[in-house]
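S.K.: As they're listed, the protein sequences go chains C and Y.
1 is the number of the first residue of the first sequence in the UniProt record's numbering; add one for each residue after it.
1 is the number of the first residue of the second sequence in the UniProt record's numbering; add one for each residue after it.
Not one of these hints is a red herring.
Simulated crosslink set (PhoX-like; lysine-lysine; CA at most 20 Å straight-line):
1) C:LYS152 x C:LYS242
2) Y:LYS121 x C:LYS26
3) C:LYS137 x Y:LYS90
4) Y:LYS139 x C:LYS93
5) C:LYS28 x C:LYS67
6) Y:LYS121 x Y:LYS60
7) C:LYS28 x Y:LYS139
8) Y:LYS60 x C:LYS28
9) C:LYS447 x C:LYS435
10) Y:LYS57 x Y:LYS121
11) C:LYS152 x C:LYS212
12) Y:LYS90 x C:LYS26
13) C:LYS28 x Y:LYS121
14) Y:LYS57 x Y:LYS126
15) Y:LYS121 x C:LYS110
These aren't lab readings, by the way, just hints derived from the structure by calculation.
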Amino acid sequence: MADNDFRYTIPAEHLPATIITIKTTKDKTMSEGDELLEYEYVVQREGFVDDDKTALIARRGEIRASKDGIVEDIHVKKGQVVSDESTVAIDYKGCDHDTQYEGMCVVCCKTVLMNQESHVLMAHDATSLAVSRTEAKRLEHVTVDRLLNEGKLSLIVDLDQTLIHATVGPAIDEWINSQGGMPQDVKMFPLPDSSTPYYIKLRPHLERFLQKISALYELHIYTMGTRNYASAVAKAIDPDGKFFSQRILSRDENLNMTQKSIERLFPCDTSMVVVIDDRADVWQYSPNLVKVHPYEYFVGAGDINAGHLPKQDAVVKSESTPSTEATESKPAASDTSSSTSETATESETVATVSAESATASSTDKADEKKPEDLEIAAAMLAKAGKVIKAKAPVMDDNDNELKHILQILETIHERFYDDRENYKAKNTRRQPDVKDIIKDMKRNVLKGVNVVFSSVIPLGQPPQRADIWRQAESFGANCWTDLSSRVTHVVAAKAGTAKVGEARRRKNVKIVRPEWLYHSIGKWQRQNEADYVLPELANKSPPISTTPPHNPEDERIDGGVEGNESEDQGGISEGMNNVEPVKIEGWDDMAKELEEELGDLDDTDFESDTRVFRKSGLSTAVISGGNDFDEDDDDEDSDNGGMSMDMMQQGGNAGEEGDDDDKGMSTQESDGDIDDESGSDSQQGYSDAPSDTSGSAVRQRKRRRRSAGNNGGGMADTVGDADDDDEDEDEEGMDADDEVTMDHTNTMQQSQEDEEDDDDDFLNDLENDLDAQLNDD
Amino acid sequence: MKEFLMRNLHGDVEGTCSGRVGFIICVLTVTNISPGKVLPGSGLAEFVVHYQAIVFKPYKGEVVDAIVTSVNQIGFFADVGPLQVFVAQKLMPSDFKFDSNGPCYRGDDQMIEKNGQVRLKIVGLKHQATQINAVGTIKEDYLGQIQ
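Chain Y extracted, bound-state conformation (with noise of 0.2 Å):
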């Protein structure tokens, strides 16, 4: 029973986002499971289980590294994970020009383009009830194409 229980509260929340507690990666240990409460009406029960999990959480003002995956005109968006940031051009330093060959964009001695690694910023957050949007900047020392 327990095993049963372990394998679905495996399958059901890792991998999952909630804009409580961020991406649920993995889960560790499980801390209490509650008596069984058969649900009237059905013959399913119900179990309360407390379990300790490794999570992302994305904090503003944290610095990521992060892959690119969209380049356009308006500025790209990178991969951190499971959480998706997008870096709009104002965010960029100001050398930084949309090329559409490409697309990239061309910085003095930078170019971010799709599949290209950046570190980035994450300056602004938005929780939904499953999933977390981040918007980021690469504007700051030390930010930008990871070489």
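Pulled out of the complex, with its shape left as it was, chain C reads as follows (with noise of 0.2 Å):
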């Protein structure tokens, strides 16, 4: 760094001068502005005494430090009279606190404050290490030409549900000591300072998988775990350390206990790193991401280093449920179609165990002695624990997300070093950078593909922001909250939503299993939809789907929950009579089926929607095969059906909703497909509203009720809120001023998000009823 480099000489103007003081040793640290040394030097000035006589008048002048920096050399001594120009008094260094370690430049040793915004930390293994932005764009620079030179890139991988599971406690113990020796692949090791032993089974296929991608990719371990398990665990996957070396972080080092960063390894540069893991929150959904899916071996074990993180979104979480965790916990095993229908009733069993035991947890919870960082997984564990007793603690074993994941990272490396070669001989101009080729290949996968959900998101929150329709979206997918003509998929959790039945009268809308997306997702590879129909309508109907790999466990356990009978609804058969029967190719079998297997239901909100189907699902059942109707006299019908059922499913609501707020689920799709433009009163065009519509609606009727009669001081409920017990409260009446303005704008916020004004009327009363109120007051 030549311009950091100070050659100091006394001034030519100064000429001849006396070295008077030298305030510094060489080697010595300087700041900026210090005195480096005094020199004395001589003016002549003429008439200052007398008319015709020249005056010598002594003068003092000093070299300062022209920045922080160590002396280097001090080539003058005391009382020295230098005369030439070209002498040097003093060479210098310049110091631009580059790296500083515990706050202290470890070049100069000057103690520098900490600075987070022009200091950044790099080093995998240390927080007391933090380096400038240039000096780390140098040394990324270094790192990246390295990585060029070997044709390799960066690659970030979690531990947690990644690459291994793990998990601790005495039923694990147990049941390895049952076993007669550690199964395969399982690895056991106490951490430092602790005798509990860790169990951790690695991912299938990960010695491959390690052996492979090292060789296109140089591994970075980030993990939430701490320091200490962290080691053990890359010793444990990687004894002679040839894929990780020390390139590992950890917790201790991370200085965030939610959130992961790539900027905390790369700071300057991401566009040669890819990242998996199985979580995208804690990266903040980073366009490096390439999300697996959670490997879980050990029952009820999860993630025991996840036990500070948030929760993972709700979608996610429905996962676990004992209904869908036995399909949804085994992907792979449905890829391979090798699943047994064994095996799922094993997990099943299992599962509903674990959710008994969870009450009884606490018992347990006492004597196990664990290490402070995994207190809060030890209630999970404790729950293993039981489960263990019962069962063999663990999942069937045939996962192949690393094969995939393989795959995909080859052919993001593939076409990386692809578009390298385009930029260097210039037949584009864009730097190769991995983030837009995942993006790429992404949205590759579900081009095109226009999805509904159907009891997928649970309502109480905007759907835009639920993990899946974040996830089908990045993926290229379109989601709509509405059934339009544009959807191709509807992607359903169970039939007899409206928008199944709305979907099943078109013949060009494919309904799909929550699985089809995740597959999709997690193969990056758009799965065929015939595997993946609802079991209620699949059930017997061979012709769609040929091989249908997993059909005998879900019907096995949505047959599970069915049996209530259905109640009666009236005059909703005559509003279904004019809809036109729709032919589906070979769905007619479905319809019979779906009557069959309609009887689950025991919410409110659908009963309408099933009675419904149960009518025109027979009307269909006779038709079959032609698919040779107009298309938009299809549409148009579909339309129509779907609006007096959702008409009548508003009705049908408002007798029950008092009294039954938890609806879970199930009234999603009361959201945006009630085209309502008749002016009816239960609806005040809550479209951009994407919450429970129809629990709004009777709280409009509610409302409209209290401002005909009453004082309409309870008006507080805003559009989202679902909440009755506050409903409760306001009715009770609350006189004090304040509230009641804050009623008030809450009435107007809501005034200004009703698209419709029917209700014009009804809001101006009200107002005037709150502004008479805060007067009297």
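Combine the two chains into a complex, taking the hints into account.
M.R.: In structure tokens, the structure reads:
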């Protein structure tokens, strides 16, 4: 760094000069502005003392350090007279404090203030070491050059549930003992300062994965486990250190308990970094991330290092409810289509047991000694412990995720270096960037797919923010809340929802289970929809899906919740009778099936729908084959049908709603489907509010009632508020000034959100009431 | 009583570090134990104990032998007993190059890698209340890997 070398000389105009004092020594660290030496020179002044004489006046000057740095050499001595311009007094090296160790510059040893803005952490295993942005850039450049020379990229891997699954607890000890030795690929190690043995199960194909991938990528571990844990696991999966070496970053060095950041390791340039992790949220959905399906082997253990992380999105969580776990937790099983019905039963039972034992887990917890960082996971594990006593504590183990990931990573690598060749050959001006490649690859997976979700995204949150929604969009699908004519796929958790029924009447809409989306996303490959037909619909229709690999298990699972006889709902059938029977190729059998299966919906919302389908299903059952009818007609009819259905649904709800506010995921389809332009008083234009519409509708009605008869004091419900308690409180009446004001504001907001103004009068009344009350108070 | 105090003293101070005196390695003799003073509000008593101990107090310019604990592209860490020293790449001879396979630093005839031994000179110290950090250099004659 030549611009940091300084050679201090005495200014020419001050020559000759005598050195008075040297205020520094060789190798001394100086700060900016420090005096290095002092000298004396004389100036001649004419006519100062006497007119005809010139006077010599001594002046002093000094040389100061122009920035922080170290004195390299001093070439002058005290008392020396310097008369030559070329005489260098002091060699000085400036220092930018590029690298700091514990707030101390590692070059000049000056204490510098750690500045989060200008300095970043780069070292995997030390938080005390910070480098400046420029230095970081330089170092990264070195790394990038090296990687390009080696033809590699960087890959950051997560440990828990990505490469391995870990657990602790006496129950596992027992199980291992009863097995009479370690099962294959299960390793055990204690952590330092603790006698608790940890068990980790390597994900299938891990060794091969690491071997193959290490030829293409430089591997880094980035885990939320502690340092000791990370080192121990790294030792278990990579005993020679040939894959990861010392490139291990643990929670201890992360400085953030809830998030991971690529910038922590690659502060400037992330164009060559790929991340694989089972959680996208901790990476803030980074464009560099390739999400993998969480690996689970020990039942109930989850991610032992995720205790401090925020809970996963509800969509993901719902996978572990007993009804869906058996299918969802074994994507690999369905992949290989080797899953037997036996394993499905087993894990189902296990899941049920674990749910039961959740309450009794506190006793187990007390006598288990856990390291502090695992206390949070203790409850979970204790739960697992209970299960283990009943059943083998492990899932079946034919997970193929790493194979898929390997393929994806290989493709990314190949495309990166292809892009680079193109860039070098100046075919393109775009710098190769894995972010673009990943984005592009993902977008192609579900390109042209228009999705509507039904019973998949829980209510009470904007669907756009749901994990599955975001995932689908990042894979190129367009998501909709309503079943418009563009929609090509309905992703439904169960049959019998309004949207499914609607879609069934259109021949060009495919109805699939959520697993279709999960697997398409998981494998980065659009799956065959025929393999993912809803079990209720697919059961007796071999013509559509020639090889439905996991239908048997699904059937059983869903059959388990079957049973309730639906209630009668007068008037609905008339509404549906004028709906033209729709011919859907190959779906007629399903209709029959549907009728048999549809007893399972205990939710009042669905009663109307299901009954509707019973009717329409029956009428379609006689028609088969032909798909030669007019498509426009179809759409129109379907729209009509959907509308009337929804209206009726609203009507049916109103009576039930007051005492039943826990509707779970079911009312999702009422959102947006409603195309109620006739000005029905149950709708106030809630298309913008992605929440419980029918609930709000009821509330609206209540409001109206109240505003008609009352002083309007209880109007605190905002649009999205689904809490009945609030309402009760409101109804007790609030007289305090501020509350009324607040209510007023809410109402105003609400009125802005209204798109249809059919309730303007009502709002005006309401406002008048409120104003009146304000004045009264 | 005296024995108890001695035991407590050994347990409390040995192996600790203070920015003022350095690392207290071993208590040698106790020179004076003051009369105990019962603390109001609790049954505890306070004794002021004067003692002599072997301490390790690093000085700037001191040349020490150390064991390398970690190597990264910025430099390497080395332990001098309880003291952790960091040596930046800039304070290594100019022929030292970082090699990520290892990882290690390779010079013309030297190699610095994890668990290797180095001789270094302490050039900077930072004393904090309970810890001391040091910056070292190997960019001088007779410093570097110990063969």
